[in-house]
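Colleague: Chain residues, written in single-letter form:
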Amino acid sequence: MKATYSLFLVFGLVLVALIGVGGLGLHYLFGVIIPYVAVLCFILGFICKVLNWGRSPVPFRIPTTAGQQFSLPWIKQNKIDNPSTMWGVVLRMFFEIFTFRSLFRNTKVELYDGPKLAYASAKWLWLFALMFHYAFLVIFIRHMRFFTEPVPSIFQFIDKVDGVLQVGAPHIYITEIIILVGLAFLLLRRILDPKIRYISLPADYFPLFLILGIVVSGILMRFFVKTDVVGIKQITMGLVMLKPVLPKSVGTIFYVHLFLVSVLLIYFPFSKLMHMGGVFLSPTRNMINNNRMKRHVNPWNYPVKVHTYEAYEDEFREKMVEAGLPVDKPLEQSPAENKE
Amino acid sequence: MALPSARELFSKISHRMPKREWMDIPVEIKPGRYCYPANPKSLEYVGMPYARQWSPLDEDWKLPENWMEIIRTGMRDRLDRFRTFKIFMDICVRCGACADKCHFFIGTGDPKNMPVLRAELLRSIYRGEFTTAGKILGRFAGARKLTEEVIKEWWYYFYQCTECRRCSLFCPYGIDQAELTIIGRELTNLLGLNTDWIATPVANCYRTGNHLGIQPHAFKEMIEFFCDDIEEVTGIRPEPQFNKKGADILFITPSGDVFADPGTYTCMGYLMLFHYLKEEYGLDVTWSTYASEGGNFGFFTSHEMMKRLNAKMYMEAKRLGVKWILGGECGHMWRVIHQYMDTMNGPADFLEEPVNPITGTKFENAKSTKMVHITEFTADLIKHGKLKLDKSRNDNIILTYHDSCNPSRGMGLLEEPRYIIKHVCNHFYEMPENTIREQTFCCGSGAGLNAGEIEELRFLGGLPRANAVKHVHDKFGVNMLACICAIDRAVFPPLMDYWVPGVDVTGIHELVGNALILPGEKERETNLRGEPLPGKEG
Ligand code: SF4
Ligand code: SF4
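Just so you know, the protein sequences line up as chains H and B, in that order.
Per numbering that gives the first Met the number 0, the very first residue in the first sequence carries number 0; after that it's consecutive.
Per numbering that gives the first Met the number 0, the very first residue in the second sequence carries number 0; after that it's consecutive.
Just so you know, the hints here were simulated from the structure itself, not pulled from any lab data.
Quick caveat, the model's predicted, so the values are computed rather than measured.
Do not take every clue at face value.
Said to hold, decoys possible - Derived lysine-lysine pairs resembling PhoX-like cross-links, with alpha carbons at most 25 Å apart:
1. K1/H <-> K144/B
2. K225/H <-> K247/H
3. K11/B <-> K107/H
4. K474/B <-> K115/H
5. K111/B <-> K107/H
6. K111/B <-> K277/B
7. K1/H <-> K277/B
8. K111/B <-> K115/H
9. K194/H <-> K474/B
10. K144/B <-> K293/H
11. K225/H <-> K159/H
12. K474/B <-> K382/B
13. K1/H <-> K194/H
14. K194/H <-> K18/B
15. K328/H <-> K317/B
16. K40/B <-> K111/B
17. K390/B <-> K535/B
18. K75/H <-> K385/B
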């Protein structure tokens, strides 16, 4: 159900662009205004969200330690999974962000008669999630050739490498295949795995379908509903230079693609997609486990009511003296009633 | 309530998901799955709000009239104070990597025991109350209304989480349900919803220094009983010191070690170790009756309560004028010491940077907090050859070792206890790799869940741990489970009896005590438990 809703929502968005541009001829709205609004929304939204997170302090240093601590000199520390220095944290975050290290640990629990529990390795999620994210990244980077003139050689190079298969005309990009496979896995897993389906919200399907829509419209544009690439570059460069132009030779399919991307940008800061920013700020991962070495300061630490030794001794002095325990005040002076 | 047989209980576990969506399933408070509410007197003693008699089975929980306002303000306040709370509310992608990592989900199959859904219980309210999308789109954005039902659900499920952080280890963003449970419990506490197994120990700790409410003279007496027992076994009587001003080291251990078997044998181990070090090297250690609880039940209540109870450690160290503090074997106690104490109640500038006076080793990793874990201390002594050990005395034991959640995932104390084990015991086998070290499974009774009335829940939660023990029991004949946590020592014996009969439970320092050759001791016939030593059975 939730998946269908989200799918139709994306269909609806496609329809909006088709009617808006193809039917009503609102090229300026879809080609200029919405993209500008979207970019602005994304940048401001992203910054606001991160600043908002940053406004709340981290009162305690609570890294999740995933290996041997730094302790006695002859005990081998796990410097990455339980970092005691800033460099260790940098490495830990590097592996977390670029190789999804925590997800790599994933296992799947199985129950057998016996009674017996087993933990099978379950690296598929890790693999496909990694494929999806890297493909996305490369596609993003290679799109930069639309927003730069002259195109820096790094973008050209990435474009070349991605098209290295030299199959089809124009060449199929490897990332086009990878991202489709990745998306298919993530979607099917969400729909077919009962546990994952159970925890999923519409907000989990929507971005998947949206990105799928973006990828599909992009592929259509290149292979099936061919449209004027030179014209597209004029539009994108126009947007970059703040001098928008809208050549007539560019087909509606491009506007659909652009609209879906705009929606993604607008949706991003308000959604779970902010995990992109959040992963850098997660206190259980980005803190040094030097807790007992260096005092962490809590900005809102406030004094609390405690039960003092004096109050304790006042209550138990007699019994303490009787048991031969040392006391601070001798028995005679003890104010009998002074209990807390 | 009598429990079904292990086999029967196991066969009832189903990981099949219900047909209805979780938001549509009203919470059903099941006997055997919830702890009794707090005795109002205990809450009043420490000044917690809305102390009252109420029953989870009643329709009416007697919430204060403005409970909604309290929760809203409580949440806003915590969002402003904890970045973790904000981020963990915002970035979960529901990838499900954490779903089957929780021992309570594995054991009960209740979908709301999947860490991700436990968090969604809170997150759905966060969306509905604090985000624009949630306010407008409602359920489509994963939001729901704040109702009394929700509060009941929170109370029920936040007290089915042992704050073990296993979920956090597997989450790609480190989302830590333990942190959310702590915050969620703070919220329920604002409405006077707590459990007695937490609230009464809190009040006892506050008043007498330990969770059982043992008064100073009785505390001393109990330790003296242990000295009698040690004398019987070894012919040597340790002379522990109490509340001694000017001692070198203050020793604090969970009071469970003083009270309940088999923790008591671990306590004897400490006593023998300190006696040995005093005789051989003149080490001056004192116990305290005032700070006689290492464990911190406040941690299961609120950050503030944790701080109030923890304060005693530094206050006592200061009053006695010791150089540094040594801490006994305990799980969550060490999470509090390692990750919270210095921040809350420090700086400990009245103490010295800890140095082992016998080996000269500087405990670099404790130079600010100035509290050292006893396994760090003992491992250092063994490494430097300062202890005379006869490990064959433990030859009847085929051992495996359970990493407690907090020292593993909130500290990283993994090798120190293993190093000691290898020097005091000849037969040691590890459990399967996915169940030890940082991936260790909880005993199922931590974070204040060790109550008798939830035995079934605890046995189900303890199943993954027990099952891993069963594996090595069947394969290598393991007959003893070692741990460094007082709660473990209290809960494992019945848990093992249920799932893996024939496995006993010990602390590391009980093994040390048995292996340690005290100066001038008589030839021992039995171990500390009074069982014949290997070769002395006849
Ligand atoms: S592993 Fe983390 S991101 Fe994935 S569902 Fe669990 S809490 Fe959410
Ligand atoms: S902290 Fe432990 S008990 Fe709580 S949800 Fe996570 S895995 Fe389960």
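Colleague: Now, for every hint given, state plainly whether the structure supports it.
Modeller: Against the structure, the hints:
1. K1/H <-> K144/B: The given pair, whose Cα atoms are some 19 Å apart, holds under the 25 Å limit.
2. K225/H <-> K247/H: holds (14 Å)
3. K11/B <-> K107/H: Judged against 25 Å, a Cα distance of about 20 Å means the pair holds.
4. K474/B <-> K115/H: holds (13 Å)
5. K111/B <-> K107/H: holds (18 Å)
6. K111/B <-> K277/B: Violated, because 53 Å separates the two Cα atoms, which is more than 25 Å.
7. K1/H <-> K277/B: violated (69 Å)
8. K111/B <-> K115/H: The hint holds at about 23 Å.
9. K194/H <-> K474/B: violated (33 Å)
10. K144/B <-> K293/H: Given pair K144/B, K293/H is violated - Cα atoms ~43 Å apart, limit 25 Å.
11. K225/H <-> K159/H: With Cα atoms ~21 Å apart, K225/H and K159/H stay inside 25 Å; holds.
12. K474/B <-> K382/B: violated (31 Å)
13. K1/H <-> K194/H: holds (15 Å)
14. K194/H <-> K18/B: Holds: K194/H and K18/B sit about 11 Å apart, inside 25 Å.
15. K328/H <-> K317/B: holds (17 Å)
16. K40/B <-> K111/B: violated (32 Å)
17. K390/B <-> K535/B: Judged against 25 Å, a Cα distance of about 15 Å means the pair holds.
18. K75/H <-> K385/B: With Cα atoms ~21 Å apart, K75/H and K385/B stay inside 25 Å; holds.
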